[in-house]
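Number of protein chains: 2
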Amino acid sequence: MSDNGDLARYRSSIDNLDAALIHLLAERFKLTQEVGAYKAAHNMPAADPAREKEQIARLRKLATEAHLDPDFAEKLLNFIISEVIRHHTAMRG
Amino acid sequence: MSDNGDLARYRSSIDNLDAALIHLLAERFKLTQEVGAYKAAHNMPAADPAREKEQIARLRKLATEAHLDPDFAEKLLNFIISEVIRHHTAMRG
Chain A
1 MSDNGDLARY RSSIDNLDAA LIHLLAERFK LTQEVGAYKA AHNMPAADPA
51 REKEQIARLR KLATEAHLDP DFAEKLLNFI ISEVIRHHTA MRG
Chain R
1 MSDNGDLARY RSSIDNLDAA LIHLLAERFK LTQEVGAYKA AHNMPAADPA
51 REKEQIARLR KLATEAHLDP DFAEKLLNFI ISEVIRHHTA MRG
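So the protein lines, in turn, are chains A and R.
Residue numbers in the first sequence follow this note's numbering, run continuously in steps of one, and reach 93 at the last position.
Residue numbers in the second sequence follow this note's numbering, run continuously in steps of one, and reach 93 at the last position.
It cannot be assumed that every hint is accurate.
Note that the list lumps identical chains together, so a pair holds whenever it fits in one copy or between two copies.
[To be verified] In silico lysine-lysine, DSSO-like type, Cα no more than 27 Å apart, as pairs:
#, residue 1, residue 2
1, Lys30, Lys61
2, Lys53, Lys39
3, Lys75, Lys39
4, Lys75, Lys53
5, Lys75, Lys30
No lab work stands behind these hints, which were simulated from the structure alone.
Construct all of the structure, not just a fragment, from the sequences and the given hints.
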């Protein structure tokens, strides 16, 4: 029963972190919507490979310092960016 | 130039949120590693569909409240969980 208590405690902390992640992502999408509106107004392309390259290099470095697998961090950022680009493209009809 | 200042300001905030996301994910993986060790020690399967179903329902609700697309939140959680399960499976050789 004390072992099961460990599992329940880990899961409770995971749930708290997940709630924090959701709220940070909600704020992140508000910002990328602003970026999307800006790009659409200025006829800039939805994707920006140079910016993405910088973001990936920076996040890989931060991940390594935080002992998170940098490949996972990169895959996750690519996943988020592809969703953002999908939104930006949709904004132009 | 002031418009470009807007873009730079959005991106600076996105970069701050991304750094926070990376650090939360690093903590999340520490916890799922503990869960993985616990499951391996107790011969429990790496995946737990009932737990995942609960997590997804909760995060979809939180996402909706935070004005984040719940489908995106679910896809992202599935992406993270599949990485965690890959790690758990690897821990058993």
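Intra/inter-copy verdict for Lys53 and Lys39 if alpha-carbon distance must be at most 27 Å
Answer is within; shortest intra-copy Cα gap is 18 Å, inter-copy 38 Å.
Query raised in the report: When no copy is named, should Lys30 and Lys61 be tagged within, between, both, or neither for a Cα gap of at most 27 Å?
Result: both (25 Å within a copy, 18 Å between copies)
Practice item. Pop the pair Lys75 and Lys39 into one bin, within, between, both or neither, using alpha-carbon distances up to 27 Å. Key: Cα proximity of Lys75 and Lys39: in one copy and across copies (24 Å, 26 Å).
Tell me, please, which holds for Lys75 and Lys30 at an alpha-carbon limit of 27 Å: within, between, both or neither? Close inside one copy (21 Å) and across copies (18 Å); limit 27 Å.
Next item on the list: Can you give me the call for Lys75 and Lys53, within, between, both or neither, at a CA distance of at most 27 Å?
Entry: Classified as both; 13 Å inside a copy, 23 Å across copies.
The structure agrees with every numbered hint stated previously.
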